[in-house]
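Go ahead and model the full structure; you've got the sequences and the hints to work with.
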Amino acid sequence: MPKQVEEDEGPSQEWLASYADAMTLLLAFFIMMFAFALVDEGKFFDLKVGVVAALGIPDPVTDNSDSILADGQGITPEVGTAAVPSSDVEVEIREKIEELEASGGEVTPENVLEVKELLEQRFDSIGAADFVEVGIDERGVFIRFDGQVLFRSGSTDIADESLGLLAAASDVVSVITNPIDIEGHTDNVPTGSRWSSNWELSAARASSVVEWMIDFGSIPPGQLSATGRADTRPRGDNNTEEGRATNRRVEIVVRVDGIVDEAGRVVADVPVIDPIGDDPAEVEG
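Under my numbering, the first residue of the sequence shown is numbered 167, with each subsequent residue one higher.
Hints were generated in silico from the structure; no laboratory data involved. Wrong hints could be hidden among the right ones.
Cβ-Cβ distance ranges computed for the label pairs, FRET-style [to be verified]:
| no. | residue 1 | residue 2 | range |
| --- | --- | --- | --- |
| 1 | A325 | A429 | 55 to 63 Å |
| 2 | D326 | R431 | 38 to 46 Å |
| 3 | F297 | E276 | 27 to 35 Å |
Model, not experiment: these values are computed from the prediction. By construction, the Cβ of each residue, glycine as well, lies at the ideal position given by its N, Cα and C atoms.
Structure below.
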């Protein structure tokens, strides 16, 4: 029987695995570089806040620091003014925030309309105007978030994609010295979750926003309060799905002393949002 000759298998092919890994990493690197070259300011704003939230460190967006890492040099001098070539709008917003801070940061009946417009301008600058409502009523200036924007159904954990909205709000609110109330509101449908009532759910959501404002929004704890309103302040009809969706919300309220006179009217000529409707009306002082 002839002797069987073993075939030479040649050089080992194990190097291919390392080579494929290296090529994959290079591809990912160049895709990342390309994405940074086309960076959108609003998306970059959200990314930076998300990284900060994940790392659990002070927020450079609202603290105006230079780095997303402690003691680092940063990848941009200042979000909002130099993340990409500064626009006139961003420069204007930053100047207004600095002016408000330099004036003492107090919101009064005299400057309440200017603060409202500044907040609107800030949200509009990151493309979030459709997700947030800013208005003035007998309490002061309010920022109203649809409940589904900040939270998943039945949850009190702030959704990651909404962090940019809270960061934009705190960018302005952090220089304000007035008391700030965070109000949670629900519809009248039982929670059907681990919360025994809408009172608990609304209060827990308000508390989550307060904790974020303290940890990442640079707002002193003594300036903040959390209130659960449950379904006691409806803005829509709880008998319809559209109305219930309107009622599920979280509001950041900057309290303004003296905005209401003895007759209960707002003293300044400002557009006031009806608590149970969306149509603004001019109220004479």
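| If you check each hint against the structure, which ones fail? | The structure breaks only hint 1.
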